[in-house]
Amino acid sequence: MTQALPQGRLYESQKLALWYFWVALALFGAQILFGLLAAWQYLDPNFLHGKLNFMTNRMLHINAMVVWLLLGFMGGVYWFLPLELGREVVGIRLARFAFFTLIAAVGIVVLVYLLVQYGPGNAFTLWFITEGREYIEAPRWADIGIVAVMAIFLYNVVATALKAQRITGVVAVLMFDLVALAGLYTAGMHYTPNISMDQYFWWWVVHLWVEATWEVLVGSIMAMALMHLLGTPRRIVETWLYLEVALVFGTGILGLGHHYFWIGTPEYWLGLGGFFSALEPIPLVAMVVHAVYDAGVHRMQTVNQPALFWAIAQAFGNFIGAGVWGFMQTLPQINLYSHGTQLAPAHGHLAFFGAYVTAILTVIYMALHQVRRPELPRFDSKLWKWAFVLMVVSIFGMSAAMTVAGFTQTMVERAIGGSTWQAYIDAQQHPWFQNGMVWRFVFGVFFLVSYLVLLWDVLTIGRGEARMAKEVGAHD
Amino acid sequence: MTSEAVRDLMLYGMLMVSAAGFYAMFYALGRMLGRPAVVAFSYLFAALQALGALGMILPPYLDPFWKYLIAFSSMVYLFIPQGMWWVVTTFHEKEHAH
Chain A
1 MTQALPQGRL
11 YESQKLALWY
21 FWVALALFGA
31 QILFGLLAAW
41 QYLDPNFLHG
51 KLNFMTNRML
61 HINAMVVWLL
71 LGFMGGVYWF
81 LPLELGREVV
91 GIRLARFAFF
101 TLIAAVGIVV
111 LVYLLVQYGP
121 GNAFTLWFIT
131 EGREYIEAPR
141 WADIGIVAVM
151 AIFLYNVVAT
161 ALKAQRITGV
171 VAVLMFDLVA
181 LAGLYTAGMH
191 YTPNISMDQY
201 FWWWVVHLWV
211 EATWEVLVGS
221 IMAMALMHLL
231 GTPRRIVETW
241 LYLEVALVFG
251 TGILGLGHHY
261 FWIGTPEYWL
271 GLGGFFSALE
281 PIPLVAMVVH
291 AVYDAGVHRM
301 QTVNQPALFW
311 AIAQAFGNFI
321 GAGVWGFMQT
331 LPQINLYSHG
341 TQLAPAHGHL
351 AFFGAYVTAI
361 LTVIYMALHQ
371 VRRPELPRFD
381 SKLWKWAFVL
391 MVVSIFGMSA
401 AMTVAGFTQT
411 MVERAIGGST
421 WQAYIDAQQH
431 PWFQNGMVWR
441 FVFGVFFLVS
451 YLVLLWDVLT
461 IGRGEARMAK
471 EVGAHD
Chain B
477 MTSEAVRDLM
487 LYGMLMVSAA
497 GFYAMFYALG
507 RMLGRPAVVA
517 FSYLFAALQA
527 LGALGMILPP
537 YLDPFWKYLI
547 AFSSMVYLFI
557 PQGMWWVVTT
567 FHEKEHAH
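These protein sequences, in sequence, are chains A and B. Using this note's numbering, read the first sequence as starting at 1 and increasing by one per residue. Using this note's numbering, read the second sequence as starting at 477 and increasing by one per residue.
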């Protein structure tokens, strides 16, 4: 039995999704702010020394990104799920409780990062300050909380599907993915004194969690988004989703092996990891053709222009960030020299932006359309174009600057200098590296400006038309 | 491996995959707009893609396993745009026929 709502009205789950989106956007701003501080500290290492050190800024920059993307995904699912299943999400109170718990936990963890930062390295530190693993520094209590929130999220999706007596292909993929999403995160909580084993588990979270479960999650969300945005038939969307899942698991999981090259794992990982990583760009190139086809069929026109542009940027961004920048350094013969240089963040910035940020912005614009003026023939503004162009240019600028700096490190520090301490210093003082860091900061400032433009647009788009319509209605 | 070899491998690798992407994009665009000139232009990027692969394969930097892998990838890239175009259009036509 479905409960379709009249046009313009929202499900409770969709109202909750809006909260997720707003907090996600706020954390996006925090990510940029801490990233800029860290970028400036490359230029002036004494800046805020002892007060807000580089390691803290970097940690907050990366953790804010992980959390806001996760919130954006959850918001996306809560937005589309009732539309997909034709009924309100089961356990909406539990969902609200999970949302506020997660936000409170994030607030406490950020305060601890800012005010306490690190501890003596005993069990107390691990449980209440930081777990110490790069990128997944959250203390153990917060880790358990994240898994619990994910479990609630999974329950809501499964229970809603069961109650609606309807499991679509997209929802089925989503359910399986959420099991992995909650499960794989626990790998980051294992402790072992063997550093190689420890790194295995660490990469499961940092890469497998992101590479496999996030890719599938964003695939499910984009599948639902494309059906509503472009009216793409379900059969096409679901077939592509199955294909994507196959490709992600086909090349992505064993492609993870490129991170095992230098952690003391058996030598066969060089071949396995390299082989599957080298094949990873192939499906991404194929998806470029599909993106061009979709954009061409609709002549770049839809009722929601910003959402369409961000959706197209998602297909191309994924290819360039993950495909081109990933392949450039994935062969072990190159990775031996490039691993851990600025080439890694260049790849990371482009890939995360291309694959995930664009997807969440697509969904946010779709949600805003529904909230502000669902009956509008065109949901449009002038500002979103500025935000779009500025953001794309500045992320490319930042990544290009880091690529130049990383290339310098690869050559001067590793290939020529042989990774000695002196070679490290030589690379850090090389003009190409230093100029790269300057341009990274400059484009970071552009990115902040583009974020502010985006935020203003998100706050205002459609509001003018809504007001005008109300006034016309009043006079009528 | 020399520093020159590392540099060459990186640059040729970047050329190979990015040119493959541009090839796919211009090929699909040309077919979409019905402009053979754009399709012909896309073949320039197919050639660049193959050039990138050759730049990695011909010098003696890599072992045979990696050379075969890159040659295989390069061959696949050459046919992805046509193959995907066929898949996408056939699929959509079937859907609209229903």
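No wet-lab data here; the hints were simulated from the structure. Beta carbons: idealized from backbone N, C-alpha and C, even for Gly. Incorrect hints may have been included.
[What the hints assert, rightly or not] Quick list of simulated restraints, FRET-style, between CB atoms:
1) A:Pro266 x B:Arg483: 42 to 50 Å
2) A:Pro266 x B:Thr565: 55 to 63 Å
3) A:Ala246 x B:Gln558: 16 to 24 Å
4) B:Gln558 x A:Leu114: 48 to 56 Å
5) B:Leu527 x A:Trp432: 20 to 28 Å
6) B:Arg483 x A:Phe176: 48 to 56 Å
7) A:Leu162 x B:Gly559: 46 to 54 Å
[What the hints assert, rightly or not] Okay, the calculated bits of chain A under chain B, using three or more residues with CB under 8 Å as the criterion:
8) 88 to 100
9) 357 to 369
10) 409 to 417
Hints, one by one, checked against the model:
Our hint of 42 to 50 Å for A:Pro266 and B:Arg483 is violated, since their Cβ atoms are close to 30 Å apart. The beta-carbon spacing between A:Pro266 and B:Thr565, approximately 45 Å, falls outside the hinted interval of 55 to 63 Å. Roughly 21 Å separates the CB atoms of A:Ala246 and B:Gln558, a value that falls within the hinted 16 to 24 Å. Range check, B:Gln558 to A:Leu114: about 55 Å between beta-carbon atoms, so the 48 to 56 Å window is met.
The given range of 20 to 28 Å is respected by B:Leu527 and A:Trp432, whose C-beta atoms sit roughly 26 Å from each other. Look at B:Arg483 against A:Phe176: about 43 Å separates their beta carbons, and that is not inside 48 to 56 Å. The hinted range of 46 to 54 Å is not satisfied by A:Leu162 and B:Gly559, whose Cβ atoms lie roughly 40 Å apart. Coverage of the stretch 88 to 100 of chain A by chain B is violated. Counting CB-CB distances below 8 Å, 0 residues qualify, and the rule asks for three or more.
Counting residues of the stretch 357 to 369 of chain A whose CB lies closer than 8 Å to any CB of chain B gives 0, so the stated coverage by that chain is violated, three being the minimum. Note: the stretch 409 to 417 of chain A has 5 residues with beta-carbon separation from chain B under 8 Å; the three-residue rule is met and the coverage holds.
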